[in-house]
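A.B. asks: These protein sequences, in sequence, are chains S and D.
By the working numbering, the letter at position 96 of the first sequence is numbered 96, and the numbering carries on one by one without gaps.
By the working numbering, the letter at position 35 of the second sequence is numbered 1035, and the numbering carries on one by one without gaps.
Derived by calculation from the structure, the hints in this document are not laboratory data.
Hints are supplied without guarantee of correctness; some may be wrong.
[As the list claims (entries may be wrong)] Per label pair, the in silico range of CB-to-CB distance:
no., chain 1, residue 1, chain 2, residue 2, range
1, S, 82, D, 1040, 40 to 48 Å
2, D, 1013, S, 79, 42 to 50 Å
3, D, 1017, S, 70, 42 to 50 Å
4, D, 1108, S, 8, 24 to 32 Å
5, S, 70, D, 1106, 34 to 42 Å
In this text, all values refer to a predicted model and were calculated from it rather than measured experimentally.
Idealized CB from N, CA, C, for every residue including glycine.
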Amino acid sequence: DTEVTQTPKHLVMGMTNKKSLKCEQHMGHRAMYWYKQKAKKPPELMFVYSYEKLSINESVPSRFSPECPNSSLLNLHLHALQPEDSALYLCASSQPGRGTEAFFGQGTRLTVV
Amino acid sequence: GQQLNQSPQSMFIQEGEDVSMNCTSSSIFNTWLWYKQEPGEGPVLLIALYKAGELTSNGRLTAQFGITRKDSFLNISASIPSDVGIYFCAGRSQANSKLTFGKGITLSVRP
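Let's have the full structure, built from the sequences with the hints guiding it.
C.D. replies: Okay, structure coming up:
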């Protein structure tokens, strides 16, 4: 199994809603990532979890709240988002250190209305 | 901060042609990666390079890690329509550091 699975694939939410994005991998990877990607731009790193602990927060607004319940799961909780937060949200996983590079999920296409 | 330069932004080729893409940096990277992304999908890892001078192939794709550790190239031979997509280079300066992505090159293949 070399997949990173993200749900849902598409999400439309209002600015007052609370929603969560989910990510799962069963490759035994101990590093998991959230990226945000705007159209025709490269992915931008948001958060990194290493061994289930938050190791990097790229100054992301608090309306995005990550959670890593166990080594296979990664969530991104969303609250009070703005229309400019509409983007493709990508989850990735890797083994910390060299030799196992980041495998990306299909992404969740988020639209904030 | 670190930046990777990929240009041009778009490339248009005829089916069957070979194409080469470069990625350059002003600083040294110890890992170079090439990803392909199709519409509505996440990036897919094509080739990973770990040693200066390393040349690695994956089917019709060949990538090289530059000797100076400041560049890498990706060659696609005998292009086919399904090669269409955005090709990103990415680099890592040391183990456990963040990936730096290039801006990507959008490849179009005319049948």
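A.B. asks: Give a verdict on every hint.
C.D. replies: Here is what the structure says about each hint:
For the hinted restraint 40 to 48 Å between residue 82 of chain S and residue 1040 of chain D, the CB-CB distance of approximately 23 Å leaves it violated. Between residue 1013 of chain D and residue 79 of chain S the beta carbons are some 45 Å apart, a value that agrees with the proposed interval 42 to 50 Å. Between residue 1017 of chain D and residue 70 of chain S, the C-beta spacing of about 48 Å keeps the proposed range 42 to 50 Å intact. For residue 1108 of chain D and residue 8 of chain S, the hinted distance range of 24 to 32 Å is satisfied, since their beta carbons lie about 30 Å from each other.
Evaluation of the 34 to 42 Å hint for residue 70 of chain S and residue 1106 of chain D yields a pass: the beta carbon distance comes to about 38 Å.
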